[in-house]
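**Student:** Take a look at the letters that make up each chain.
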Amino acid sequence: MKSDQIKPNKPKIAFFDFTSCEGCQLNKLNLENELPDILRHVELVEFREAMDDKADYYDIAFIEGSLSTPSCINRIHDIRRRSNILVALGACATIGGINSMKNLQPIETVRETVYGEEKYRFPTLPAIPVSAVVKVDYEIRGCPMSIPEFLRVLKALLMGKAPNLPDSAVCVECKLRENECLYDRGIVCLGPVTVGGCEAICPSFGQFCTGCRGLVPNPNKDAMLDILTQHGLSLEDAQKRFLLFNSYNIESKSIT
Amino acid sequence: MSRTLDLNIKHLTRVEGHGNIVVNIKDGRLERCELEIVEAPRFFEAMLKGRSFHETAIITSRICGICSLGHQIASLKATEEALGLEVSEQTVLLRKLLIDGATLQSNILHIYFLAAPDFFGTTDAFKLIPTNKDVVLRALRMKRLANDIGDIVSGRAVHPITPVPGGFTKLPDESELRAIRRRLVEEGLPDVEATVDTIASVLNSVPGFTRETEYISLSHPDEYALYDGDIFSSDTGAADVNNYREMTNEFVVPHSTSKHCKHARESYMVGALARWNNNHARLSESALRVAQRLNLEPRCYNPYMNTVAQVVECYHCIEDSIAIIDSLLERGIRNEKPNQTPTRFGRGIGATEVPRGILYHEYEYDRRGNIVSANCIIPTGQNLANIDHDMKKLVPEIIDQPKEIIAKQLEMLVRAYDPCISCSVHILNVEFIGG
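Line by line, the protein sequences are chains F and C. Counting from 1, position 69 in the first sequence corresponds to residue 69 in the working numbering; the numbering is continuous, with no gaps. Counting from 1, position 110 in the second sequence corresponds to residue 366 in the working numbering; the numbering is continuous, with no gaps.
In short, the hints are calculated from the structure, not lab data. A virtual CB, placed ideally from N, CA and C, is assigned to each residue, including glycine.
Some, not all, of what chain C presents toward chain F, calculated at C-beta under 8 Å: (1) Ala302; (2) Ile319; (3) Ala413; (4) Thr425.
DSBU-like cross-link-like pairs, simulated, lysine-lysine; straight-line CA separation at most 30 Å: (5) C:Lys389 with F:Lys155; (6) F:Lys240 with F:Lys175; (7) F:Lys221 with F:Lys175; (8) F:Lys240 with C:Lys305; (9) F:Lys10 with C:Lys389; (10) F:Lys12 with C:Lys383; (11) F:Lys240 with C:Lys593; (12) C:Lys282 with C:Lys518; (13) F:Lys135 with C:Lys266; (14) C:Lys649 with C:Lys518; (15) F:Lys12 with C:Lys664; (16) F:Lys175 with C:Lys426; (17) F:Lys10 with C:Lys266; (18) F:Lys175 with C:Lys593; (19) C:Lys389 with C:Lys664.
Over the 10 Å line for every Cβ pair with chain C, so calculated as not near, a few chain F residues: (20) His41; (21) Asn74; (22) Val172; (23) Val216; (24) Asn218.
Please work from the sequences and hints to get the whole structure.
**Tutor:** Right, here's the structure in full:
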């Protein structure tokens, strides 16, 4: 039942998950309308959440999750060796994400909080993004990754082009959608310093930006501070909120 | 039989998360038979410390992408109890609608994409496209419908945006609710009927294994409990949610990064089959007829039938969604703002049924509304001991079979529980050692 659907020259693509909630993988299974079409153009060779098969070489490997155990490090090197293009998918893989919040506490304390006296039973390391260990060719940000952005990147790569990835702030897209500014409601929103591309989905649904897409390349810290002071909020409020998804960034590069 | 067999199924596929099945038989004696959980631990309880109540559900949603809505609901209920935040009837109705949508989505994903390939004798659902295109397209259509409920009510189905402590940041339009209701009636009901036919046609692929165990779920006098209720054990009856620690008794085992649980016996089961066994009397006549067509007995001790109980729940969720939308439209959507003014700061427990079983979140907040301590008990963690005990009974019963058959039946057993391993480590691979 394989042959008539799978042409030998279709690009081999694979999905791998590391420390994560697997929500980005699930989001791909949520491409219900597009999935049959996508499968006509690629050969899906590895996707553990939905298939049994394994392969030796990948034209494009998509990596979900951050690296947080000794075995993660070996496995990512192995995948990189077998991959032509490697794409990090989602906040955990691109910026460390929620997982990296544990890095802020001493690792002993973290283990004790969860496993008590059995704390040495399971090895754990600080949670780091994929690019901290191997070369990453492209990054699709967000928690979860956005489906339209994933489709755009996949299409570009299949046509042999470099995908166009945004680097302007969420605020820009929020303004285009003419949303009410959350600061006017006294809420700390990370839209001014967070990379866009999500079409400001959270502020558009009345929720603050959590910073899940990471910090813009040249954040205007002074302007951010002005907005906070104007609305009677402190830099600490914003910094603490920023740690939700960006603890790795804050910790490793002292961006504060 | 003096058989020696080592089976080691690493990184079991078609399950959510990472687990291995390990079986060692020496001279006919079962020495080791367990599900190893090798998922990287996530340490959520530690991460939550010091975070504001506005952020708690945003963080706990990320425990698991598949169960993100369930984690949000349990989290919001715990936070609201700890901070004394009342929610409106409209909020409860919308949350119940979201739970129906998420349960339908997750059950469809499991039935068609994770379990069905075993019934159809293939390795993944995508390979069914050439031979059973209508079945695959139906599965995708039902998943889309379920996800659209999530998109409309909560902003997006994975890591929902609008549910916050005290209510919703944005409410759905009545026109959107009407449109989704029409699809539930025009697509949803016929598709779920066809699903029942499809699964009824492959019931002979469901192994006949049985092992009676303790079944634990929420239970509610007026409804098939998914959002709220008391804890109910088939062995010991009803208990208040405040007693959840006595009902779960978490303990650490060497072969699993996820903790195990037990209550009245050495293990217990949660999930669709437990809910069916405890609460089937609260289902509608038509849902019960569906169960009959699928040979699901009122008290069923075959864990492989968990997948079949999920089909019955798909039917229930579609029926219930239609009823909820009708009552929302009858009342009219009121423009309510979330109630986020705490009236106390203390401890709160939230229990809710998620697709894989009963989920508990407990938090303690300080006077600034920041988390002092957190505890999450996950359905898959509660099922792990029961899976081990099932495997220990199953392996001797099929010991004379070829290794591949033993491996396949063990994989199918673990899959039947629809384990969510990311969740459980806040599992799967089969590992046979010796043969």
